[in-house]
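Build out the structure end to end from the sequences listed, making use of the hints.
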Amino acid sequence: MKKAMYSLILLLILMVVLATLKGAVSIDLFHMSNTERDILLFVRLPRVMLSGLVGSALALSGLLFQYVMKNPLADSFTTGVSASSAMGAVVAILLGLGFLIPLFALAGGITGLVIVYKISSVRGRVQPITMLLAGIVLSTFSSATISFMKFLSDDAVSSIIFWLMGGFQDASVKKVLALLVVVMLSFLLVRRHYLGLDILSFDDTTALSSGVEVDRLRKEAFFLAALLTAFSVGYAGIIGFVGLIVPHVIRLMRFVKASELVPLSILGGAVFMIFNDLLSRTLLSEGQELPVGIITSSIGGLFFLYLLIKRKRELYYFD
Amino acid sequence: MNSRLKGVLIFAVMMLFFFASNAQAYQRIVVLYAAASPVLKELGVSDRVVGVTRTDHTFKGVRSVGSHLRPNMELLKALKPDLIVAGSKRAFPEEISKRLRTDVFYYDPRSLEDILFKIKALGKLLKRQKRAEELIKRLKGKLQEVKPLKGKPTVVYEIMERPLKVAGSKSIINSIIAHAGGENLVKVKKKHVLISPERVISLNPDVYIYQVGPMNKKPTTPSERPYYKSLRAKVIKVDEYEFARPGINAFQAVVDLNRIFMEVIK
Chain A
1 MKKAMYSLIL LLILMVVLAT LKGAVSIDLF HMSNTERDIL LFVRLPRVML SGLVGSALAL
61 SGLLFQYVMK NPLADSFTTG VSASSAMGAV VAILLGLGFL IPLFALAGGI TGLVIVYKIS
121 SVRGRVQPIT MLLAGIVLST FSSATISFMK FLSDDAVSSI IFWLMGGFQD ASVKKVLALL
181 VVVMLSFLLV RRHYLGLDIL SFDDTTALSS GVEVDRLRKE AFFLAALLTA FSVGYAGIIG
241 FVGLIVPHVI RLMRFVKASE LVPLSILGGA VFMIFNDLLS RTLLSEGQEL PVGIITSSIG
301 GLFFLYLLIK RKRELYYFD
Chain B
1001 MNSRLKGVLI FAVMMLFFFA SNAQAYQRIV VLYAAASPVL KELGVSDRVV GVTRTDHTFK
1061 GVRSVGSHLR PNMELLKALK PDLIVAGSKR AFPEEISKRL RTDVFYYDPR SLEDILFKIK
1121 ALGKLLKRQK RAEELIKRLK GKLQEVKPLK GKPTVVYEIM ERPLKVAGSK SIINSIIAHA
1181 GGENLVKVKK KHVLISPERV ISLNPDVYIY QVGPMNKKPT TPSERPYYKS LRAKVIKVDE
1241 YEFARPGINA FQAVVDLNRI FMEVIK
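So the sequence lines, in the order shown, correspond to chains A and B. When we follow my numbering, the leftmost residue of the first sequence carries the number 1, and every step to the right adds one. When we follow my numbering, the leftmost residue of the second sequence carries the number 1001, and every step to the right adds one.
Watch out, some of these pointers could steer you wrong.
Cross-link-like lysine-lysine pairs, in silico, PhoX-like; alpha carbons within 25 Å at most [what the hints assert, rightly or not]: (1) B/LYS1137 to B/LYS1187; (2) A/LYS174 to B/LYS1229; (3) A/LYS150 to B/LYS1190; (4) B/LYS1218 to A/LYS174; (5) A/LYS70 to A/LYS219; (6) A/LYS22 to B/LYS1189; (7) B/LYS1189 to B/LYS1089; (8) B/LYS1089 to B/LYS1041; (9) A/LYS150 to B/LYS1218; (10) B/LYS1187 to A/LYS22; (11) A/LYS22 to B/LYS1229; (12) B/LYS1142 to B/LYS1237; (13) B/LYS1266 to B/LYS1150; (14) A/LYS2 to A/LYS257; (15) A/LYS150 to B/LYS1191; (16) B/LYS1041 to B/LYS1137; (17) A/LYS150 to B/LYS1089.
Residues of chain A placed beyond 12 Å of chain B at every Cβ, according to the derived structure [to be verified]: (18) ILE9; (19) LEU10; (20) ILE27; (21) PHE42; (22) LEU103; (23) VAL181; (24) LEU195; (25) PHE223; (26) ARG254; (27) LEU284; (28) GLY301.
In case anyone wonders, no lab produced these hints; they're calculated from the structure. Virtual Cβ for every residue (Gly too), placed ideally from N, Cα, C.
Next up, the structure:
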């Protein structure tokens, strides 16, 4: 575990340095002009930090959703939180309140969370399967609403479509600090429940007889996961596959305990996202960018397919 | 006597030709690209327009047929148009026009010269050559108001803030900037370019223009955006309808932009 942790920390440092040095504009750290210094301080560094934090937040939220729903394919998409956050953000775009996108995304995400939670609660107990189904329904409904809003506003379609594909152009120090607080708090809260999360992987009766407050833990984990997703969507749009692929890759490296999965997923998510953002802003010439969601889905999808084919038996450890 | 008969015959043939050719001109037009509507109005064929998109209010009492990307096919069919003026083949594929058995005129100019060319073509198509020539002359005259500048101000034109997209070399904006005496620094051969803010800063334009309209609703003032803290350009706000639509308005936009450039150069 320690070896993997140190390796990931080293990889993260390398990735941050690489992503800080590379970009649309070449920067010589030792002979910087005023413009280059401004680009580095106000544009590139906040962007690298934000992409890393969004990667961590999405990876951690995906992992928590998988624990809550006892389903290896659960993530912010299947739970509907991504789509409901996006719906909130699209409303902000249509109303011309672009500066309030994070707030609307957060409101949308929390509304989605409450709906899914209410539907899936029976006498105060959360039913994982119902939660998953409610999430899929919410996701479909939110996607349909987004499509309807796109239809209503032809001129803003391009803005909505590109925003939904994800990106970190709008990064700022304020956003970095806000997300850092959310990720750190979530990590500290999750840290207290490592054992409970591990036991939650068994059936509820076993977990309850082991002294785990199953419902409370599920609620807490679900709330944190939704909060992390809502912040990520609000700051960077919908970025797929991170919450699914990062925890799975960590598991395939034979780390299955929560005490290993949580910190390694946070680090792995940051490395993965910084790398993807670096590609999104350097693949094309003349400062053109690709929406980062396209890259995460392409790389993530292909890599996941490779893993599925190569190591399909190990992936179904939940059985 | 013979010569009188010959004269009457020639006159009759001419009249027949005149009425016949007028009858051939399109009588039921649907406009699916709002920027073309003012041109049709100037050509004096407002009474022939039977359908427009829902955001087009150029003609009064004309039926709306939906959006420019997704017109209602039943409404289109019911209007029995003999000509559809569409934006591009991507927005209105030829197969649809075949299905409707209607002629299509694609109005998608990329430059001011293109606009004049399209006006001429529309004039010919609608048998309004004279009106078209007059309009072209008037628009060319508008360009005479452009005053020579001492230098060539460099420009970046923001199409939308979130995500950050700017006008590329295939945009009509490129032509407007050039005719106004400036230079669009974004040379990518696209209409709109998704661009890195650091690239914009490194281009160091003299003027940063941001449009406000349906594509960029209530944008944050560039100087207030965290990533533009070091942008040293003069920031100008313009109306999207006046600048980004490839219609008659583009010529006034050139004059207005030239005036702005004059102040910047000062």
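Failing hints, ascending? 1, 20, 21 and 27
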